[in-house]
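Work out the full structure: start from the sequences and follow the hints.
Top line first, the protein sequences correspond to chains E and P. Counting along the first sequence from 1, when you hit position 128 you're at 156 in our numbering, and nothing is skipped either side. Counting along the second sequence from 1, when you hit position 349 you're at 625 in our numbering, and nothing is skipped either side.
By construction, these hints were calculated from the structure, which means they are not laboratory data. Do not take every clue at face value.
[Unchecked claim] Computed footprint of chain P on chain E; a stretch qualifies when at least three of its residues, placed anywhere within it, have a C-beta under 8 Å from a C-beta of chain P:
1. 35 to 47
2. 52 to 63
3. 84 to 98
4. 167 to 173
Keep in mind that this is a model prediction, so the values were computed, not measured. In this text, a Cβ means the ideal position worked out from N, Cα and C, and glycines have one as well.
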Amino acid sequence: MVVSITWAISSNGDSILDYNWGSISSGDVGECNEGNPLYLRHDGENPINNCGFYIRPVQEGYTGTNSPLDDYQELLNWGSQDHGLLVSFDNAVWTPHINGAGSEANFPISFTSDSIIANDEAHFWLKLDVPTTITVEGAPVSVEAGIRQFDHMFRYSYTS
Amino acid sequence: MSSNILHTFSVQTEVETKVDLLQHVRKLISYGRYSTQLSDDGINIAFASSKELDASQNVSIINRSNSILENSLAATSKEETFTAKEFSTRYRNFLVTNIYTPTLTSQETKPLYYKHTLPPDTIIGSIQVLDSNFAVVSSYLYNIVIEYKNGDSLQGIEFIQVYNDFANYFNETTGELLVYFVKYRNSTGNHSCLLNNKPAYVEATFDDFDWITFEIFAGKKAYVINEVTDSFLITMPEEDSYSLRYENQVRIQLFPSLVNDVDQGWFPRVSYGSFITWDGNEKYTYEIPEFNAQHFNPFPPYKLVPFEKIGKIGNGLIRLEHTPSAIGNFPNITLFLDLLIEDQNENPLYALTTNTSKDGRVYEKKGEGTSVCWDTSRILSYDNNTGIIHVDLDVKDYHVIYATYYYEEKFLELNNINLNPLMNSEVQSGMYSIYLVPKISGGGLLNSIEWLKIDSQGIITAQSQEKPSFIGWTYGRPDISSQSFLYRYSVEGRSGGDCSNNFKYLILGEITVNKTSDATEVVSLDTRERGGGIKEELVDGLVIDHPEVQLYTDIGFGGGIPFPGQSVVVVRLPRTLLTTYGGRFTEEDLKLTIKRHLAFGHYPLIRYYDPNEIIITPVAGFSSNISGVHIKWRGNGIGWTASVDGINFSNIDNHLRYDGPFVYFDPTKEFDFADQIQIKNGNKYSNVVYLLIR
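Have a look at this one:
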């Protein structure tokens, strides 16, 4: 049986396939869903395990300014300098997506509770911290304006 | 397994927002710097300044020297060629050469009028000419010639000459600098030096002659010049193809003063040239004989310039003001250059010289200060034509450089015309005309440069020429006859008719000294400071030693020092002023009023009288049994009666005399002792006067 995952911006809300953060000024922190949590639920009979988040370059339909890979690497680079995409499961402790932790399926940011039982919901918060400058090879480089895109991935395993 | 959601966000790096703009306009704070220190007891009152006097701005020269064709640029700018041993020219100052650029089939050769001299052991293949950018100049633009002693190759090389037509150039106004360097190698190593040109051919001297043949040595680059009937005859050493060009200063022209300082005289100059004109009957020689009467040092045409302040024009390059300078070997003499370089505090830093006999000797500045030694190694090269000196020194902008050197005088300075208005107050009241009187066939002149002073009406008011007198003449238009200087005497005037003008004076130019600023352009700033004056507690002590403190209006007496008067005045007032008598004033009121009008120290005695009361005053002493008693009182002359001891005195009118404002009563009756006399007029009564025995 194939389990289907539903992302929503409200508890038991309608499924969303994408999210537009809008415009974030460099030096500012954008709050996903206006600071409210996002929700994940599945329709499997059994719990799903090994839950975790990671990001990947956009696979198709990219409409950003640079390239999917550039945006992906840039976001990880921001994360390595305490900026970038931050996730929290309690709206208190925040974890950035960096190389080796949230950068690919084998290196996800694990959920605090590892499983989501059937018909239950997991909720989480997301923030985007956009820096004004980023250090590249030891020298500060200004963050340029432009549209970025990335896929936020939810990794899980399910045994029917 | 995985599931994903696409996230999109836009990074904005500029934030646009509108804000209200409040504009503050603040007065620029500026500071003035006083160039003169005030003494401790000085007081700032005002700062005043006006435009600085500057010869280049104030003095204007109108050039009229080209009114003779031979003295014009058109006549002197052409190049001539001749193939001969002799040629004639109307000008004394020229350049001649028979050396040309190396033949290049695609280009015609050009004459090379100058030569730069290199030592005899120069390796010819090492010679290069470099321009200001240190780029190598094409070797087809110059020619290298070996000069042998006395023109004889068997006697050995005398010099290696680099013939060229280059010229170093510096424009003082724009700062444009073009210099050439000559690089070469000889037995002492590699060298580079400023291009220092001399003319390819010069006038022959004693050493140039073979006194056996009385000819110039073949190979010597020298010529002989003789003045003949209507020209100068030039004899070259040998027949050859020569090119001739006239020097820039061949013309006689008026130039502004070399000096621009307000505290020195501004003397105009005339360039030392010479040319001949011929009108078919007479030969006119235009020359300046007084040039040779100038003070030269050590001998003509050289002059000494001691401690001239000069400036830097480029890296390691400085420039002398008087050109052409005369540094190095000249016929019969070697002339030296000394440079003294000080810092801004007048401390000597370097003493450079070309005089090898001074090398290592101590230079001592007069008075206090450190001493430095003469150094002959740092003056690397020089160009006498432009006065540019190349020194092995990082010359800073704050260095002050003094040069002592000789130069070749090319001008006659007119020392009797000082154009500096601070020294010659009349210079702005008119115009000077400088003219040259030519030498006419067979004649001779001691002075040829003369001047006229012309007023604003165009009338000549002063002259330098001894005779004839032009005072009162019009400077005039060249077409007006009679007493017009231009018409009657100058080359611009007409000749023939009743005013044949054979004088042909050449007017070199007209000079005016203009006013470039006036009183309305004076800037003055009030620099007074608040405060000051004399402390009150010090005034009394200061007045004794410094009585002038009383000039302060707040502590002194402008109208004089008051002294209290010591007198008593009797003031008689009618009783009717007093309130007790129906008036408006109390006695205190009247006392105060009177005191106000009295000078300090005067004491008023106030007496009130009844205006209806008649006060009689005896005029003379009384005695009984003496006639002629006079009594007087104030009043008119009618209606009076008198009583004596209460009894009416009859027929008083016969005894009254009115001499306004007094009435005199002169009764002939003899009065007795203690008679009481009273005068009446209507309802008015006088006081009673008692007669007393005198």
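**Report entry** Residues of the segment 84 to 98 of chain E with Cβ under 8 Å from chain P, three needed, outcome
**Finding:** holds (count 5)
Requested in this report: Count residues of the segment 35 to 47 of chain E with a Cβ under 8 Å from any Cβ of chain P, then say if the count reaches three.
Outcome: Coverage by chain P holds here, the residue count being 5 at a Cβ distance below 8 Å.
Query raised in the report: For the segment 167 to 173 of chain E, do three or more residues have a beta carbon lying closer than 8 Å to a beta carbon of chain P?
Result: Coverage by chain P holds for the segment 167 to 173 of chain E (4 residues, Cβ < 8 Å).
Requested in this report: Can you take a look at whether the segment 52 to 63 of chain E is actually covered by chain P? Rule is 3+ residues, C-beta closer than 8 Å.
Outcome: holds (count 4)
The earlier numbered hints are all upheld by this structure, with none contradicted.
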